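Trainee: Here is what each chain is made of, one letter per residue.
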Amino acid sequence: MVITAAVLAILIRMIRLPTIVAYLLAGLALGPMTGLIEISPAIDLISELGIVLLLFLVGLELNFGQIKAVGKVAVFAGLGQVALSGLLGFLVSLALGFDFPQAAFLAIDLTFSSTVVVVKMLSDQHALETFHGRIAIGILLIQDIVVIVVLTVLAGIADGGSMAWNVVVKEVAEALGGMLLLLGGVLAAAKWLLPRPFAWASPMPGTLFIWSLGWCFLVVTAAHLAHLSIELGAFFAGFSLAQLPYNRDLQHRIKPLMNFFIAIFFVALGVKMAPDVLDTTLMMQVLMLSAVVLISKPLIIQWLVRANGFDARTGFHAGLSLAQISEFSFILTGMGVSAGLVAPRMLALVTLTGMVTIGVSTSLILMREQLYQFANGRGWLGKTSAQPIDTEDHEKRSGHIIVVGMNTLGRQIATRLHERGEEVLAIDTDPRKLQNLPSRTLLGNVEYHDVLEEEGLRRAKLVVSALQIEATNDLLAYRCREAGIRCSVVAVDLSVMENLLELDVAWVMLPKIDVVRAQTAALRTHGLLGEKSP
Amino acid sequence: MNQLAILLAIATIGYGLAKWRRLPVAAVLLLLGILFSAVGWGADRESARQLVELGLAFLVFNTGIELNPRRFLHQTRQVLWVAFGQFLLVGLAGFGVARWMQFDWTPAIYLGFAAAASSTLVVIRQLKNQQQMFQPFGRLVTGVLLLQDAIMITVIVLLARLDDGWLAMGTDFGALLLLAVGAILLHLFVLPWMERTLRPNEELLLLIALSFLFLFLGAAYWLGLPFIAGAFLAGFTLSVFPLNGLLRGLLGSLAEFFHALFFAALGSLVVFSSFWVLLQAGAMSLVVLAGTPIIVIILAEWQGQSARNAIESGLLLAQSSELALVLGLVGVGAGQLDHPTFSVMALTCAITMMVTPFLATDQATWALLHRHPGHRRSGGFAGFEDHALLLGFGSAGMWVVKALRKAGLRVLVIDDDAAVITHCERSRIPCLRGDGTDLQLLRRAGIHEARFVIANLPRPIDTMKVVRHAERTPVVARVFEASEEAAVREAGGIPVSSSQAAFQKFLDWFEKTQVR
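Same order as they appear, the protein sequences are chains P and A.
Reminder that position 467 of the first sequence reads as 467 in the working numbering, one-by-one numbering, no gaps.
Reminder that position 231 of the second sequence reads as 765 in the working numbering, one-by-one numbering, no gaps.
Be careful, since some hints might not be right.
[As the list claims (entries may be wrong)] Coverage of chain A stretches by chain P, computed from C-beta distances (three or more under 8 Å per stretch; other residues unrestricted):
no.: 1; region: 778–784
no.: 2; region: 1028–1034
[What the hints assert, rightly or not] Keeping only pairs whose Cα atoms sit at most 16 Å apart, straight-line, the calculated EDC-like set for lysine to aspartate or glutamate is:
no.: 3; chain 1: P; residue 1: K461; chain 2: P; residue 2: E423
no.: 4; chain 1: P; residue 1: K461; chain 2: P; residue 2: E422
no.: 5; chain 1: A; residue 1: K662; chain 2: A; residue 2: E587
no.: 6; chain 1: A; residue 1: K662; chain 2: P; residue 2: D430
no.: 7; chain 1: P; residue 1: K433; chain 2: A; residue 2: E600
no.: 8; chain 1: A; residue 1: K553; chain 2: P; residue 2: D430
no.: 9; chain 1: A; residue 1: K1039; chain 2: P; residue 2: E482
no.: 10; chain 1: P; residue 1: K68; chain 2: P; residue 2: D124
no.: 11; chain 1: A; residue 1: K936; chain 2: P; residue 2: D514
no.: 12; chain 1: P; residue 1: K272; chain 2: P; residue 2: D44
no.: 13; chain 1: P; residue 1: K461; chain 2: A; residue 2: E1045
no.: 14; chain 1: P; residue 1: K272; chain 2: P; residue 2: E129
no.: 15; chain 1: P; residue 1: K461; chain 2: P; residue 2: D430
[Said to hold, decoys possible] Here are some, though not all, of the chain P residues that point toward chain A, as calculated from beta-carbon distances under 7 Å:
no.: 16; residue: I142
no.: 17; residue: F209
no.: 18; residue: E470
Calculated directly from the structure, the hints in this document are not laboratory data.
All figures in this text were calculated on a predicted structure; none of them were measured in a lab.
Note that the Cβ used here is the ideal one computed from N, Cα and C, for glycine as well.
All chains, full assembly: derive it from the sequences and hints.
Mentor: Written out as structure tokens, the structure is:
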């Protein structure tokens, strides 16, 4: 499974398509087409883990300030989009000849977007913290709340239970109440319970990492017990930890873990997606519905976001991000088929529409900036009085100096360069070592690729490592060479010099040799060199 | 998902306990897993077994990635002798004790091998925490560990077929060699080409790495070998620089995750059937804790290490390897071991790992050093007066000696590295071989008759000892951290900061090149 995904990912990369498409194709290839893979409980577990970690990562990226900035527009656009997309989907389905119940199902299926796909794409493009990224996530969260209501109603119907309004309202209220309780609980924990233990654990990155996962699964378990989705639990867990100062370091550590598990999720999705019925009518319906989703959703969201005072670019990118249907739609339709509410053929219709919209939308997201320029250049986006506010290109640092390893040498370098007016970023894995530094600081491990990339390695003036760790210095020197940036590192002893010079290190610091002159000077100062007094 | 949540809960508690009491995480997780399982709170056996296998594959894979022979190229002979010697002799001792405890031949062989190798996970962490990874004895120990891992993988492959006879064992050994040759070819030619040509991003690199893992797992399965042989060789394939460095960052969190799950889940598989199991584990632990240091000290000294370095290496290597657990699982799977015997192996592993942080300390080293036969030979006074005493020759020794000789001083060097002593003797620099913190040796070198002492010792704690020993003789001590500087000054020494010196030169370079 992994090998096929990797091979396809390499090939897909050559034609500049997103890796999600590769994973889906791998799933299709390995699934019913060849019969090589069947979805086992272990694969289901790994897939589920992928979603949990993805939403956990999303939560880690957000903090109160960011939520506050986009909360109002997310609620307005989210609810508005659900209503408008639902109505449009219902009307189109009726026009295509579906009866009332099936049209209603299709309307719901087409309304929701895929949290997993959107977040993965935004994360890959380092766009989670942009306004359009946060708005997209906000809308997805609102959709998740609506999903709770829908699932509650549908579960009631599927179980043959009472459809009385009071019962429905009671169950929805219980679900929403549980959600608010859980959110309140994790936020209270973030304020009063977590800070001290996590501060104690923070000098040991491994402990911090495992504790954060432990916390995630504790909240996920609580969500499960409260009959809420585990994705919501994972998101809340991440959000609570986002209020602590270690969130960025945790993001870098969680991401590789998430990447592995989410790859399995998408491959498994591809396996499940393969339909067992295909005919011309079905294909036409798929194309129609896909077109409705791919065109109307971005337009609706863009209009709603701009109505809240955001600029055209933010609205465009937010809308484009959400132009697909959710994998939840497969689950929903499956429930409908099991309850006898819709024909089995509907599952194939929804599955194929999902494949098309996810595949196309991920490619569109990859080209979003070019598409925006194209549309804006032709005046299709209209005029707006709103100022451009998307922070994607904001604060792009350049000409700065990155200093890694805040031992005494590193601190001296960071402090003195800062005093000389240089823009300095000091990095260390131990938060205690970053205290009381005048320059900007970052808690992180430079062995993680993203740490330096996000801090503008390729635009830096110089990278300095005061670390006395041979392996990390070698890696740092290699990365700087690949990025074309000068670097200076400490050599733990002379035996590593050859390697460092091969890596084009501009200046090698040799404390053990540089100290000789100072020792001689100290001896003179103390009158220990020269003739001995009688 | 519930089973995963249970194991993560165990891991969360375990990591906290380990940090609080400064114990090896692996041992704490193992014991917690046993405890939780004993009271019925652990993961169910089937889930635990699946997670153990998955965790094992990643752990062994990660070990293979670190197996870069370049790391110990300059100490190959020492590494070979110590690694093989320890493995053979401690293994024999373990086998003997197991037979004495009435174990049958096959379980006794398993127990012998389980005692033979040391734990890469525990020792590497210990070395990193004490910042001794790149000192000569640290490199020796790392080389020994990696070689022993390779030996253990081979042993596991062979023992799995013990009941099938020599031909089957030979066939499997041949298959392992074939897979190893494939790994070497990929390591030398294909992976460097892939890295240069594809220039993979983070996500793709992770996928490629994991693809190799699954490819080798599949190949091992097809060749009828235990899956860990495939995992180890897959890791070795990727151990070429810069891939191993790039992967360390990517796989670090995966490795940590599976490390936690592996040991927590493994504890759930341990059957604590009787007190007798504990006694047996205690006996095997004694073999490891007492036998390994003695054997390693003798071998390391014979190969040119100083007494102190040899003792430190011996104490550091005195625990059972996590691969012993793998060996046990394979034995249980092959029907050659029963669960109580596996429990003995697991408990031995846990006990010896737990003891490591208490054993591998300066106090223990000094206690043994004082009883070392070579140490008790005090020798006479070397006859130097008004001289400069240089403790630790290191990289800068020649420059120091030249500067002092230029000032008209006689210099006497103390160093524990045999190669340094040979070099000094060739350069006609008076020298004594030994530990620069050894008071008897310092007296012999005339510390109280010297004009001053230059202490260029690798460890701050050693520098402080010298400053105290020196009494009225001025000690110019090389320090790195500001805290060390303050401590030396307070003790009456003259600290000279190497970080300050390096910083000054860096600044000169920075200003001269006016980096833009």
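Trainee: All hints are to be evaluated individually against the structure, with a verdict given for each.
Mentor: Structure-based check of all given hints:
1. For a cut-off of 8 Å, the count of residues in the region 778–784 of chain A with a CB near a CB of chain P stands at 5, and the three-residue condition holds.
2. Chain P is given as covering the region 1028–1034 of chain A, and this holds because 6 residues of the stretch bring a CB closer than 8 Å to a CB of that chain, at least three being needed.
3. Between the alpha carbons of P/K461 and P/E423 the distance comes to roughly 10 Å, so the proposed pair stays at or under 16 Å and holds.
4. Between P/K461 and P/E422 the alpha-carbon distance is near 10 Å, which keeps this suggested pair within the 16 Å criterion.
5. Of the pairs offered as hints, the one joining A/K662 and A/E587 is violated, with about 27 Å between alpha carbons and a cut-off of 16 Å exceeded.
6. Proximity of A/K662 to P/D430 is assessed by CA-CA distance (about 14 Å); at most 16 Å being required, the pair is judged to hold.
7. At most 16 Å may separate the alpha-carbon atoms for a hinted pair to count; P/K433 and A/E600 exceed this at roughly 28 Å.
8. Of the pairs offered as hints, the one joining A/K553 and P/D430 holds, with about 15 Å between alpha carbons and a cut-off of 16 Å not exceeded.
9. Restraint check for A/K1039 and P/E482: not satisfied, since their Cα atoms lie roughly 26 Å apart, outside the 16 Å limit.
10. Between P/K68 and P/D124 the alpha-carbon distance is near 24 Å, which puts this suggested pair outside the 16 Å criterion.
11. Taken as a hint, the A/K936 and P/D514 pair is honoured in the structure, with Cα atoms around 15 Å apart against an allowance of 16 Å.
12. Straight-line distance between C-alpha atoms of P/K272 and P/D44 comes to about 11 Å, which keeps the hinted pair within the 16 Å bound.
13. Taking the CA atoms of P/K461 and A/E1045, the gap is about 14 Å. The hint holds against a cut of 16 Å.
14. Proximity of P/K272 to P/E129 is assessed by CA-CA distance (about 32 Å); at most 16 Å being required, the pair is judged violated.
15. Between the alpha carbons of P/K461 and P/D430 the distance comes to roughly 25 Å, so the proposed pair goes past 16 Å and is violated.
16. The beta carbon of P/I142 is not positioned within 7 Å of any beta carbon in chain A (closest approach about 26 Å), and the interface hint is therefore violated.
17. The beta carbon of P/F209 comes within 6 Å of a beta carbon in chain A, closer than 7 Å, and the hint placing it at the interface holds.
18. The beta carbon of P/E470 is positioned within 7 Å of a beta carbon in chain A (closest approach about 5 Å), and the interface hint is therefore held.
This entry does not satisfy hints 5, 7, 9, 10, 14, 15, 16, going by the numbered hints stated previously.
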